[in-house]
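K.L.:
Next come the chains, spelled out residue by residue.
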Amino acid sequence: MNLAWILLFLPLAIAAANQLILKKTGLAPLLSTASALGTFALAVMLLGKNETSHFAWATLGDFSINIGIKLDQLSTGMMIVVTGIGLLVHVFSLAYMKEDEAKARYFTSLSLFMFSMTGIVLADNFIMTFIFWELVGLSSFLLIGHWYQKDSAADAAKKAFLCNRIGDFGFMVGILMLWGITGHLGFDQMKSGLAAFQAANPAIFSSVLSAAVLCIFCGAIGKSAQLPLHVWLPDAMEGPTPVSALIHAATMVAAGVYMLFRLQFTLGFEAFEALQASTVIAWTGGITALVAALMATQQNDIKRVLAYSTLSQLGYMVMAVGLVHGEAGMFHLFTHAWFKALLFLGSGAVIYACHHEQDIWKMGGLLKKMPVTGFTFLIGFAALIAVPYTSGFFSKEQILEAAHEKEPILFWIAAVVAVLTPFYMTRLYVVAFLGKNRSENASHAHEVGPLMLGPLVILAVLGVIAGFPFVASKFAPAYLQPEHLVHLGFVTYVSVGALAIGVLTGFMVYAGKEKDPISIPLLQNRFYIDGFYDNFIVRYFQDTLASIIAFFDEWVINGLIVNGLSRSAESLGNRFRLIQSGSLQGYAFVFGLGVLIVVYFIVFGR
Amino acid sequence: MASLNDYLLVSGLLFAIGLAGVVVRRNIIVVFMCLELMLSAANLTLVAFSRFHPAANGLPDYNGQMLVFFVITVAAAEVAVGLAIIVALYRARQTIHTDDLTSLKG
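Chains as they are written, first to last, in this note's numbering: chain A, 1 to 606; chain B, 607 to 712.
Don't read these hints as lab results, they were simulated from the structure.
Where a beta carbon is used, it is the ideal one built from N, C-alpha and C, also for glycine.
No incorrect hints appear here.
Label-pair ranges, simulated between beta-carbon atoms:
| no. | chain 1 | residue 1 | chain 2 | residue 2 | range |
| --- | --- | --- | --- | --- | --- |
| 1 | A | Gly592 | B | Leu710 | 13 to 23 Å |
| 2 | A | Arg577 | B | Val630 | 23 to 33 Å |
| 3 | A | Ile579 | B | Val616 | 32 to 42 Å |
| 4 | B | Leu665 | A | Gly592 | 34 to 44 Å |
| 5 | B | Val616 | A | Arg577 | 35 to 45 Å |
| 6 | A | Gly586 | B | Met672 | 32 to 42 Å |
| 7 | B | Val630 | A | Ala569 | 29 to 39 Å |
| 8 | A | Leu572 | B | Leu710 | 15 to 25 Å |
Let the hints inform the model, and build the full structure from the sequences given.
P.N.:
Right, here's the structure in full:
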């Protein structure tokens with residue numbers, strides 16, 4: 001159990017040491033990487049353990065808030081994902097950030113992120129989850145804004161933080177509601193509390209629980225970037241690419257799915273069957289998957305395409321959780337983490353080789369220049385579009401099965417997404433890696449160094465094998481082993497058919513093209529959602545509110561209270577100043593008069 | 607023989623003259639003299655009370671007269687200090703006229 005505490009606090013200690021002592025020495029990157037290696041080793045050692053331990057962090061009378069660790073298959077499996085990808089990203093960053101001036105700050109923030117994420121995964125109660133939830137928000141903010149000298153990066157960091165805060169407010173309300181319902185905050189006691197509440201209030205049980213779950217889901221909407229708060233994730237690509245791989249593809253954005261599944265697991269899956277909240281969650285996920293996939297088809301920035309694809313895959317996972325087939329969602333989270341980290345790191349290598357060129361139309365022909373990167377990217381691409389016998393295929397299959405069984409409309413939405421995914425990924429691959437070089441930068445690109453290729457190759461291997469039962473049953477946070485490796489049936493036919501249609505149309509439309517033959521402004525502008533937020537919500541709501549508050553601040557707080565008090569004191573003082581005539585005899589006269597009055601009252605006053 | 611009231615009347619007059627002098631006069635030396643006059647008025651009252659309030663054995667109550675000596679002593683000390691202050695004041699300001707001493711005006 002002590003190992004788990006070390007696992008939690010090691011990255012924090014490293015982050016503190018880096019920030020406070022080692023900033024100038026150049027040791028910070030190595031130390032952070034060593035800590036990532038250490039946490040990965042610890043995570044492997046703790047895999048599959050079942051233990052809990054906690055200490056009281058804040059005590060108020062009978063009530064105490066604990067910091068605790070809960071080890072089970074779900075948390076230890078998730079730790080493998082977090083620390084494994086974390087380690088590879090640290091190694092990749094050593095090369096990617098070599099020239100960066102603020103390496104120490106970057107690695108400190110990475111360590112802080114590892115600490116926060118570990119806290120979310122290992123938490124044994126909801127308050128602790130919430131605390132670390134905010135901490136990952138902070139570290140994400142710091143890392144997105146790493147190149148804060150660029151306005152776009154600073155704005156993106158702010159946007160991410162604000163979007164997350166909106167969701168987190170709901171999350172907090174949800175936690176409090178759940179606390180009210182069950183009377184407990186710890187995961188272990190919640191189920192009995194829920195049963196007691198159900199027995200006492202059978203009539204309102206399901207609606208109250210629904211409300212609480214929906215509030216908690218708000219947190220997941222923010223963190224896992226579901227509609228309508230998805231806008232921050234594509235902008236978050238302003239951060240360094242390894243960060244996008246670790247935080248904005250593999251781990252942090254999956255925290256919402258993890259937390260929802262933890263909630264279901266804690267309260268019992270049967271409570272979520274036929275709950276209205278579950279329907280809302282499933283539909284939110286499904287619509288996000290569809291909308292994000294549509295938007296991905298018309299993006300030109302390599303990282304943005306991947307970002308929208310992440311959104312879309314997260315939509316899949318959330319949909320699975322909403323359909324109360326969370327284990328399928330968690331399985332997809334597990335496989336997706338590996339291959340999406342692979343794709344992001346691959347795009348990082350490409351961007352690095354092309355001197356920070358991110359527009360795919362200015363790349364082209366990179367497969368010849370960078371064979372290893374191109375090939376590993378191809379594997380990630382295959383896993384993402386669910387080519388049979390890659391990891392993505394197995395997990396997506398489970399989600400499609402779940403949707404097919406529960407909700408046919410969602411199944412067809414998911415099937416459309418399964419056509420769109422291969423389409424936009426083929427577009428990306430064909431345009432960026434095949435054909436001929438379309439710019440100066442691309443023609444000078446050459447293969448990256450071993451520190452970058454190593455993580456790519458490891459992730460490529462995992463991207464293929466992570467879906468097979470011999471890996472998944474041991475390492476995945478939650479996994480329901482199917483009877484047959486591939487169950488040939490309607491769902492599989494649809495899935496493979498969708499794949500074939502998507503890849504073929506992608507090839508036909510984009511092979512050998514110099515510029516995008518399709519132009520759909522609606523999709524290029526991301527359904528005008530960002531514009532709507534900027535021009536409508538920000539202008540009318542935020543600015544109106546801001547001007548009201550500014551008025552209140554200027555006139556009531558500043559004018560009436562602050563300046564008013566000082567002005568009244570001043571004018572009172574001015575009145576009293578007149579009494580101080582400075583004339584000695586005046587004082588003596590008043591003094592004598594006072595004595596007379598006192599004498600008068602003493603003698604005649606009774 | 608004069609009664610207690612006569613003494614108190616004279617003493618009250620002395621005190622009133624002193625107080626009027628303190629309030630009205632502008633020369634600080636005169637103000638100072640008027641202060642002394644007020645102290646004398648108080649002394650006269652004390653002696654009068656002592657004389658007209660005999661103790662059990664028929665002798666005057668000497669407590670009052672003791673107090674007079676104390677007042678005279680203190681007044682002497684006060685004159686020493688007060689005149690020194692006035693001299694210092696004159697050296698600093700070249701005036702002993704109270705109308706010119708308005709530094710404390712707010």
